[in-house]
Each structure stands twice: as structure tokens, then as C-alpha cells.
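So the sequence lines, in the order shown, correspond to chains A and B. Note that my numbering has the first sequence beginning at 205, numbered continuously upward. Note that my numbering has the second sequence beginning at 32, numbered continuously upward.
Keep in mind the hints are simulated off the structure, nothing from the lab. Think of the CB as a built atom: it goes at the ideal place given N, C-alpha and C, for glycine as much as any other residue. Please note that a few of the clues may not be correct.
Derived contacts from chain A toward chain B, CB cut-off under 7 Å, selection only [claimed, not checked]:
(1) Pro-298
(2) Ile-363
(3) Gly-364
Each computed DSS-like pair below joins lysine-lysine, with the alpha-carbon atoms no more than 25 Å apart [said to hold, decoys possible]:
(4) A:Lys-355 / A:Lys-448
(5) B:Lys-241 / B:Lys-160
(6) B:Lys-191 / A:Lys-355
(7) B:Lys-482 / B:Lys-399
(8) B:Lys-191 / A:Lys-422
(9) B:Lys-511 / B:Lys-475
(10) B:Lys-52 / B:Lys-458
(11) B:Lys-253 / B:Lys-191
(12) A:Lys-366 / B:Lys-191
Just a few of them, taken from the derived set where beta-carbon distance is under 10 Å, the chain A residues facing chain B [said to hold, decoys possible]:
(13) Val-294
(14) Gly-296
(15) Trp-297
(16) Arg-301
(17) Pro-362
(18) Arg-365
(19) Asn-370
This is what each chain is made of:
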Amino acid sequence: MLVMSEESCVYADDSGLELGLGLSIGSSVKPPNVKLPERIGSWELYVTKLAANKEFDSEVSSSSSSSSVTITGTKRSAESLCSPPGRSQVVGWPPIRSCRLNSSANHFKPCTTREFLSKTGAGAKISEHIGANRNHVSNENEPLKMSSFLKVTMDGIPIGRKVDLNAHTSYNTLAQSLDEMFSVRPSTGQNEEHAVLARQPLRLSDALSEYVLTYKDKDGDWMLVGDVPWDMFFNSVRRLRIMKRADANGSSDVD
Amino acid sequence: MAYAFPEEVLEHVFSFLSSDKDRNSVSLVCKSWYELERWNRHRVFIGNCYASSPEILIRRFPEVRALEMKGKPHFADFNLVPEGWGAYVYPWIVAMSAAYPLLEEIKLKRMVVSDESLDLISKSFKNFKVLILTSCEGFTADGLASIAANCRNLRVLDLKESDMDDISGHWLSHFPDSYTSLVALNISCLLSEVIFSTLERLVARSPNLKILRLNRSIPLEKLPNLLRHAPQLIELGVGSYAHEGIDAFSNMVSAFAACKEMRDLSGFWDVAPAYLPAIYPLCSGITSLNLSYGTIQSPELIKIVSQCTNLQRLWVLDHIEDSGLEAVAMSCKDLQELRVFPSEPYLVEPNVSLTEQGLVSISHGCTKLQSVLYFCRRMSNAALVLIARNCPNLIRFRLCILEPRVPDYLTNQPLDSGFGAIVEICKDLQRLSLSGLLTDQCFKYIGTHGKKLEMLSIAFAGDSDLGLHHVLSGCHSLRKLEIRDSPFGGKALLANAAKLETMRSLWMSNCPVSFEACKLLGQKMPRLNVEVIDERGSPESRPPECPVEKLYIYRTVAGRRRDFPGYVCTINDDSISPVIFSG
Chain A
205 MLVMSEESCV YADDSGLELG LGLSIGSSVK PPNVKLPERI GSWELYVTKL
255 AANKEFDSEV SSSSSSSSVT ITGTKRSAES LCSPPGRSQV VGWPPIRSCR
305 LNSSANHFKP CTTREFLSKT GAGAKISEHI GANRNHVSNE NEPLKMSSFL
355 KVTMDGIPIG RKVDLNAHTS YNTLAQSLDE MFSVRPSTGQ NEEHAVLARQ
405 PLRLSDALSE YVLTYKDKDG DWMLVGDVPW DMFFNSVRRL RIMKRADANG
455 SSDVD
Chain B
32 MAYAFPEEVL EHVFSFLSSD KDRNSVSLVC KSWYELERWN RHRVFIGNCY
82 ASSPEILIRR FPEVRALEMK GKPHFADFNL VPEGWGAYVY PWIVAMSAAY
132 PLLEEIKLKR MVVSDESLDL ISKSFKNFKV LILTSCEGFT ADGLASIAAN
182 CRNLRVLDLK ESDMDDISGH WLSHFPDSYT SLVALNISCL LSEVIFSTLE
232 RLVARSPNLK ILRLNRSIPL EKLPNLLRHA PQLIELGVGS YAHEGIDAFS
282 NMVSAFAACK EMRDLSGFWD VAPAYLPAIY PLCSGITSLN LSYGTIQSPE
332 LIKIVSQCTN LQRLWVLDHI EDSGLEAVAM SCKDLQELRV FPSEPYLVEP
382 NVSLTEQGLV SISHGCTKLQ SVLYFCRRMS NAALVLIARN CPNLIRFRLC
432 ILEPRVPDYL TNQPLDSGFG AIVEICKDLQ RLSLSGLLTD QCFKYIGTHG
482 KKLEMLSIAF AGDSDLGLHH VLSGCHSLRK LEIRDSPFGG KALLANAAKL
532 ETMRSLWMSN CPVSFEACKL LGQKMPRLNV EVIDERGSPE SRPPECPVEK
582 LYIYRTVAGR RRDFPGYVCT INDDSISPVI FSG
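Okay, chain B solo, but in the shape it has when bound:
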């Protein structure tokens, strides 16, 4: 039955669809809807750059204005992916420079971005507005200078957590004097000095500047100068927060007092506690606070958080201790996200009094809690059960007990039942990271109850292939699975091969998966790229039963990639011809 619905009407209806999931569903209805939708999709998200290719993207979506893309596997953040693995953005930029002259936004995560790429971006897209590079590398000050010099309409330049080792700050002076449209600037990861006067002039001529994250080199006494030019700031990342001098304090106080819109504070390297009271007047308006870079002791932290009654997000070091978290639980009733990082991750004996009690207190007091990342040294099943019961709406729960395979400190049992309670009670749980002593039983719980689980991180856990099988066969929403140092082999993979095609990716390192199993999997599943990463040399030079070092499996419509380094061995069905990158 054909609907005589004018295309314009359908187009108008589709324009209200923002979710990619909805748009994908719409595309499956019929050919004409597919056609209509693809001409009207302006924002594209590619979760794994190797799952597709520039040609496929451009062929399907001719009118893209914003691209968001991710490259390396998550464990690259922890140095588990050797250098030169891949995730180069350049071929994409080349293709898009021809196909999308109206491109406005590029957001990349864990990709290699060369100066050539940045230069090409700056010269190809006249209306370019947003560049966000999260955890990227490969560029220098020259590339950034191109962006600054050529992107007249740039609104956002965000280099969060990108590798900016050798980059000097001179590129800031390449923003022309006529450039006034800056809205957000994040240079917090820039390690070297910045010419302050250049930065000050830039801030002074940016009336729309709302987000400014400075790097560590910006000293405290210069901060008021910047803030005086930008009292409209909503998010501020201060630099070094230490200074010797009396007038610096009163300057800070008056500068901060002028910032009536301030909602988000971060930075605070090298903190001099005497200057912290300068931020007190801002506290009641703050919704996001990141104090995880500098060392601030618990009493000072308590004074701050007790005033942050509207706090929704808090990132701190474990200096906050259990007592500090108790204060948070009492004062910050709207808290949604908590991250507690370790100040001394390699010490076995605790240097601060932060235990599972801190998290339990939070769970009692902050019932709106959704997202947790907690590093600690001990945990118990009882505590985990309490946390689950208190916060049934948890969406992300990442627990890192610093020492691998540590049991429940009260009972000496594995933490299976504790995590079991988390997955059973928190029915909307989407992301889970495990740690401590765990057996296959834990994975049975996860497979049984983790129906909405999308991402699971496993380290030093489980007993056998059965554990992995529970997860692969039970977690119906699973998209990303990353495993390290766990006794899972190829059997569970081969038994659940079809499942792997429903997921974005699987990472396994230091697990007993044999090269033979990898080959079998690659041959069985032509639409999966099975990549073996082995720096000992080609796996062909060892017996096939020998385990591989690392394994990365992902689904793709682009076939085997060509840009892999010598230590990667890709296994695929030979009859599939790979798509060649153009450019």
C-alpha cells in the first residue's frame, strides 16, 4: 500500500528526529523513506572509524554538517595499544573536503590527527565552527596555527586530554585581530607556556566566550585579568592555583564575584589552600566541580563541597576521604556523577582514609546518583549490596580496586554477589567495570540480569570460558566488551561468533585465545575484522595453539583495513575485497 504523502511533509517530520537510532529505523521502512532520510541526515556518528570508510559515508549521506568519530580502542588510554596502530583521520578529511564543503563540526576521540589534517580542515570548510579533539595525538602547534589563522567562523576549539607534549603556545597568536566569535576554548592539556598577553587579547575580543579551560602554566595572579574580560563565563578551568602574595587573594575574590553565571570549575593544579576561599561565593551556583588534579586535603574539600548545594558532578582525588564524602552526601542532594581518583595508585598501603564507606555514604545521601567511577583499596559484598539498594537508578558503575584479585575484605570471599546485586537491582545499568576477586559466578549474574548493559570492562577476573560465554550469551544490549588478563579462550568466542557481529567491538589482551581460534573466527565471520596485535612477531611463526598477545575484533562494512602496522595481523575471509581508501 503506497502512501501518497508529499515528500516535503515527510522531510519536515524527519527533521524532528535527532536520535540516530530512530533515523536508522526510519530508513528501514521502505526505499523512498531511506532515500529521503539519507538526504536529510546532517549529523553522523561513527563509533569505530574502521567500521566504515569515507566512501561509504559520503555515498550514503551527501549532506553531512557534523561528524563525530572514534578511533582506537578504549584500552589505548592505558597504553595497551602500541604506537602506530592506526585511527588516522586524514583520509576522512581528504574525502570530506571534496564532498562536504559546508561541514561545520568535527569531533574526534582517540584518533591520530596530523598537521596536514588540521591544515586541510582549516582550508576546506568555510563555515567550520566546532573542533573537538578528545584524547587525540599527532598534531603540533603548526596544525593548530592553521586552524586559528583560517577558521573565521570557529566557535569551539576543545583539545581535551589530547597529547600536547611538544606543543608550544605560540599558535594562539595566529587568531587574527578580526576574529571575535570564540565561544569555547579548552587548552588544559597544553603542557608548555602560553604568551599571556595573546591569550588576554583573545579573551577580551570574544564577547560570546562561555567556556575557558586554561592550562597549568597560567599563574593564579593572572587569572583576575582574564576574568575581568569575561564575566559571562559559564565554565572555567583555572591554571595553577598557587601564588605568594597578599593582593592576589583580594583580586581573586572580586574577579570571581563578578562571574554570576559560573556553573563549572576545573583545573586547580598546585593548590595553595589559602586561596581556596576565593571560590566560596561561587559554590552555591556550581553544578560541576573537578578538583582531581591538585592536592587539596579533606578539611578544605569539605568546606568547599558543603557549600555546593546544587552540585551535580564531582571529580576529586581520594584526599577527600570517607569523611569528605560523608559531607558531600549531606550537602549535595542533587549529585548525579561522582569520580574519585587515587592520589597514589601504586602504593599498596593506603595513604588516605578512603574506603568503601565513602561510597556507601554517598549512596545513602545522594539518591539521584547515576554515574560512579571509584578507585579504592578494599570493598565488600555487603557494601555493594547496600549501594545497589540505595541507588537503583545507577547507569554507570565503575569500580577499581587498585590491587587485582582482591577479595571481600570482611569475608575473604569473591565479590560475585556484590556485583550480582548491582546488575540485578540497577535495571538500567549501561556501563560496568569490574575489579577484585571474581569467579565465573559473577559473569553468570551479569549474563542473567545485565540486559541493558552496553559496555563491560573486565580485568583479572573469572575462571574459564564459561564466564565469557555467560556474558556473550546473556547480555543482549552489549556493544563494547574489553577484557584483560582473564582466563577466557577461543571456545566462548567461537560459540558466540554471531553475537560479535551485533557488537561494536571486543578487545582481549593477555587472555589465552589461540591464533588458531582467531583464524577460525575470522574465516567463520566475514563481516568481522579480527585483528591480532602481537609485538613478538608474526603469529604464523609460532604454533597455532599459542595464545596471541592482544586481540581486537570489530564489525565492519568496509572490509579489512590497509593501514595497519607490522605488529598487527588481520584475519579475514579472503573472498571479501577490501575497500581502498581514496586520496
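In isolation and in its complexed conformation, chain A is listed as follows:
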């Protein structure tokens, strides 16, 4: 039941770096024990800060009784953070166009929530968000994951990115992924002013960060990421935007 065999995705080279290539784009999945390039130093800093953040802890624990799924960052070490969150998903496989997946994803999202909730034990207050899906045939034992690529833009960077929301089960892994996406590119130096990693762009981790992560929900409103339980966020998010904190505070749409 192999999705990615090690020999095709990890190439050890003489410098001692092991690079996991196949799963790096758009997802937070990494092979275990991977030694990532220098900039990961600030990763550990970010994770330590996350661990120290009581606010994040209490927000998440209110939505789930079992903490193992969502609080991966706080309870585990930095190394085990790198292991895949459940069944790993290969980018772009199976080869189905996103518009086709998204059209049926609207069918199935409620069931994904149901699956998630049955795993974590919470359910009562979220249940009204689950729409009836009479046509859906589900297998109770398999985690349902439909690819849903979200557009992510960052203020000041003209090129947007896409992140696969289904590769994440918590704000933590999403934050990780976004940090990597928008981090410094040593060669071009284009993003030097936007070295996001050093600044931990998410409100969740650091109230002093220069950047905040916001999202557009299904009603078209821009909200701060982290206010609602993950599953609610998962269902209603339509787009992501990394804004400068100064702009976010000044804007009447956010908060």
C-alpha cells in the first residue's frame, strides 16, 4: 500500500543533506529524521514559541477532548513534527484536475468533518454545520480526504501560492507549511524583506509578529485565522491571505 517509496523520494548526497523531494510542494508532509537546510533553525524557535503559547493551547483544547490530533506542535518534539499527519498524500496524484475535485469536494466536505469529529470525540455544537449529503457513500474506517487547494497570497509578493488544506489537520501544520512557502529564497533575494520565518507570521504563535494570517470565509468576510475551531475553519475557508499586522488592525473587515 505504498504511496511513496523511500528510494524514489529521498536522495542522499555527499553533503550529508537528505532531501525529501516528492512531498515538499504545497504540503507539510516530510520524511522522518530529515535534516532541512539552515533556515530551519528558526523553525525550532517557532515551534518552541508555539509550545510556550498558552493561548493556542486553550483555544484548541476546547474543541477536542483528545489532543493528539490537533496539538501536534506542543506535545511532540520538533523532530516528530516532521512525520506525516496520518495517511500521506502525494501532490498531484491521482491526476485529477482541481476543478473536478472541488466540484465534488463541496459534496463531501461535511463528511470529512464528521470523520474528524468522530476521531476527536467532539460533536455537539459543530453538528449543525454538517449538511445532509444523501448521495455520499462513505467507508467509516478510512479517513476521507478530498484535495482542496486554497489560494494563498501575501502582501507585497505578487505571486500567489496554493496550499492543499486536506494535508493539514491543525493550524500548526498549516502555519508550518505557509512559513516554508513564503520564506527567504537565498538566491533571488527577492523576498529578503519578507523573511517570514524569522517573524512567525501567525497570530497563533507570536503576538509580536509582523504578519498575520487571515482568511476569507464562505460569506465573503475576511477573518483572522485561529479564532474558531479547526473543523469550522476547514469548512468555511475559501482563501488565505498573509497580511501585515498594521494593515489588519486598521482594517474594519478583520476583527
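Knowing the structure of chain A, use the given hints to seat chain B on it.
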């Protein structure tokens, strides 16, 4: 020996040549034929926008009326090409706005089309008739509003599968009341709402409307209103096909009954099975049916397809199951194209009873089958051999076994011999997509027998460079090769470097091709653009033996492109000076 043939006669003869291949051959005969032909070529197809440039196009063909062009590599459809890669149409539009005032048609695939581009199109070409944007992105409602407002002679506006995420539907109201020449409208990918009355008025004043593909937001109960204005429709894409209400059904029935010319049905999101019988009266006339968006269970599907005796093309979800495909095999003897998509692509255990048997049944019953795209969870060599024997006229065969590297489920062997049979027996095979467990032997078969193969897609397959070498050295007609997650390195590429210049493009991602090999290839082949896509930062910052993330190689007469983002590194012979885009 010079022929004293008047130019007018030659021109007249050339006007009968529709195939680009023929026209290209004609151009090579002599200088005067080259000159004559180029002044008379009105339709141009550019398979890779970076293989040429606007200047080169305009310099050679001064009288172009229709341009068809493709941009990003095919794997961009599956999110393997990062955002901002390129394929901007704007420089082309700028150049053509000056050079081709009589331009009538633009068809683009996988290109970035900005609002500025659409605005410029709408204002530059007075006789503009056809705009088809397939899998394009970058435009908003404003750009579409320009097209609607300014293109008085527009016949076709087709936005199939384009990214229309944030686009509201208000642009439809920009078609002036005096505009009545619409023939085809495809807004099926528009996610947001459309003001129905605007759409209804547009349809009502378009007597030549033949093709109408609605988006999901159009509810079933409104459909009869539209159809009443357009009983002459040949192709219809319905919106959401679910409604609560009794009279909706009888309205649907009478509306459909009036459409005597209907040949093609699609759409059908959110299907309420009770309303499906409304389409039964149309079934015998239908030649193309796309039911791959909504969930329709097998019994309902069987009832429909059993009546579609003239069906040539069928796209469905795997809810149809093996039993449904058996019904298709019995009833649809003219079937030429079948596509079966997975309803739950990420489930490991099957949710429906669709196996290789379904495809085998089809191959038994539908001997005219030419084109297959089949997603399933298991396959056997025996089944593939049967399919090949039953359908020797296959032109396109794309099989996707959902889990990578899955062997023959009966014998646990690789699927080499099965695919080998496909390439050996189907002598006219032009396109092949592989999946399942495959060794270098499979590629040996392909190299030996796939002489007409033009496009090959490989994923999680093969053992070594030898596999790639078989393909590159054996497939003489190969134009497009795309490979992901397979153990092919630079050796086969370097050994077959000259072959790459005979192809349109090669894509390799997550394969062990070193940056060193890329550099060597780029230096060796000046007319190839070797582009390394690596989001980890410049490949120069790592040891040269380190594999690159993604590699895109294509032949070009335009030199190195200038519009690439930071994560693309282009390697080329420095002595070739690139053509600068104007505008």
C-alpha cells in the same frame, strides 16, 4: 527546373491545405512556395508559447485570422507547476493588436490571461468572433465585461475549465441589447451566481445559439425558461439538477421535448434522481453525455445509457460500476470515447464495484472504441491483453490505477506484458498513460512497438535509465513526454539529447536528474530551453550531483525566455542571444 505556374493558381491550390503539417511541407519545397504559403496561412497553432515569440510569428505569417496556443505543461493541471511560472498571453496580444487587425479567433490552453489582455482583445479586433479559454487563469469579471461590451461580432465565448474562483456573474449584463450573434456560451466553471434574468434575455435574443453550458448556480426550475427560448440548442450543459417541487418535473419534460436537435448533454451537479427521466426522450439522439460531476447511482445510469443507442462519447463517475458499463457495452455500439472518473480518489478501499471488468466488457461490446481514460483500483495483464485484442483501433489509452505501483492483482507481477500488448496490438496508438507496477521491460515494449506514439505519461514506474532510453530511442513519433517520481536520471537524457529537439517538450519531476546533467544538456543543445524548477532555492547553492526538483525541457527558436520567476533557473548556451518580447 523552374515551373512557370502562375502564383494565383498555386495560391488556389494551397487554399485547400488545412493541415499545418502539409503546409509546413509545402513551405520547404522552394523559396517562392515558402513565400506564397506564408502569405496565405490564416490559422496558426503554437503548441508551446515559448517555442516561438510574437515577433517570429508576425514576421513569418502576416495574415493570421485565427491563433491557437498552449502554455503551461500538462502537469500544471495537477498542481505540479508552481504559481507564477509563466505562459502570459499579454505580449502576444499586444503584438497582434498592431499586426493583425482582422484577427477573428483566439484559443488558449493553460495560459495566464489578464484583464488587460481581454480588454486589449476587445478593443483591437473589430471582427473578433471566437474566444476559447481552456484551463486558463488570471482574469476577472472586468476582463469578461470588456469582451461582452466591445466584441460586437462575438460568436463563441467558451471558458471551459478555467479558473473562475473570484468571478461574479455581473459581466453578462455588459452584452448590449443590440448584440444577437451568440452561437456558443460556456460558463460551466463559473462558481458564483449569475443574474438569471440577464442570462434569459441574452438567450432570448440569440437565435443562432447552439451551445449553452450553464454553471452550477442555475437551478433546475429555471432551466425550462431558458430552453423555451432556445429549442434549437445542440449542446446543453445543465446546472444543478435538483429541486423540490412537482411541477418542475413536467416543465422539464416539455422543455426537453422541444429540443429536437439536442446531441450533447453535460452538467448535472447535485442530481435528484427523480428528475432524470425527463431526459429519456432525448437519449436516442444523444451522441455525447457527460455525467461526471454529479452523483448518480448505477441503476439510474443504466436506465439512461440503455436508451442512448447513438452514444459516441460517455464521461461518468465510477458509480456506474461494472454492471453499468456492461449495459453500455450492450446498448452503445457506436461508443468511441469513454472516461470513468473516481468518485472517491483518496479512499484505498473501493466504495463502488468498479474494476477492470467494466473496461473489459466495454472492449467486448464497443468495437469502435478509440479513446479511453479509466480510473480504477486494480488491473491485470490478462485484462489488458483482452482489451487490446478487442479494440485494436485504440488511439488514446490512459489508465490510472489509483494507488501507485500496484501489481497485477491476480499474479502479483508487474503490468509490463499487459501494456506491452496494448502498444503492440494497437498500432495507431497516439497517446498512452501508464500506471501500476512497471519495470524497464514495459518501456522496452513501448520503445519497440510504440512507433506512432506521440504523447506518453509516466508515473512511479521503471527501474533505471535504461527504461527512459528505450522510450527516447524507440518512439519515433514522440512529441510530449511527461514523467514523475520515476528513477530516470540524466544519462538517458544525455545519450538521447538530439531526440529532445524533435519533441515539443519533456517534463520530469521528482526524478534523480542532477543539476550537472541539466547544465550539460543545456550546453550541448543550444536550441533547447532547459528549465530547472526548484523551490528550495538556486541549484547553484547545492552540490551539482544533487537532483533537481522539476525539469522542463522544450525546443524553441526564440531562445531563453525572460519572464521566468525566481524559482526557475534556465540553462542555455550563453552565445545565443534571446529574443526580447516587445510591448
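We went through each hint and held it up to the structure:
1. Pro-298: Interface hint status for A:Pro-298: holds (5 Å vs cutoff 7 Å).
2. Ile-363: Holds - the Cβ of A:Ile-363 comes within 7 Å of chain B, reaching about 3 Å at its closest.
3. Gly-364: holds, 5 Å
4. A:Lys-355 / A:Lys-448: holds, 18 Å
5. B:Lys-241 / B:Lys-160: Distance of about 15 Å is within 25 Å: holds.
6. B:Lys-191 / A:Lys-355: Holds, because 20 Å separates the two Cα atoms, which is no more than 25 Å.
7. B:Lys-482 / B:Lys-399: holds, 22 Å
8. B:Lys-191 / A:Lys-422: Within the cut-off at roughly 24 Å; holds.
9. B:Lys-511 / B:Lys-475: holds, 18 Å
10. B:Lys-52 / B:Lys-458: holds, 21 Å
11. B:Lys-253 / B:Lys-191: holds, 22 Å
12. A:Lys-366 / B:Lys-191: Measuring from Cα to Cα gives roughly 21 Å; hence the hint holds.
13. Val-294: holds, 7 Å
14. Gly-296: OK, holds: A:Gly-296 within 10 Å of chain B, min 3 Å.
15. Trp-297: holds, 7 Å
16. Arg-301: Check passed: Cβ of A:Arg-301 comes within 5 Å of chain B, closer than 10 Å.
17. Pro-362: It holds, given that the least Cβ distance between A:Pro-362 and chain B is near 8 Å, below 10 Å.
18. Arg-365: holds, 5 Å
19. Asn-370: Holds, about 8 Å.
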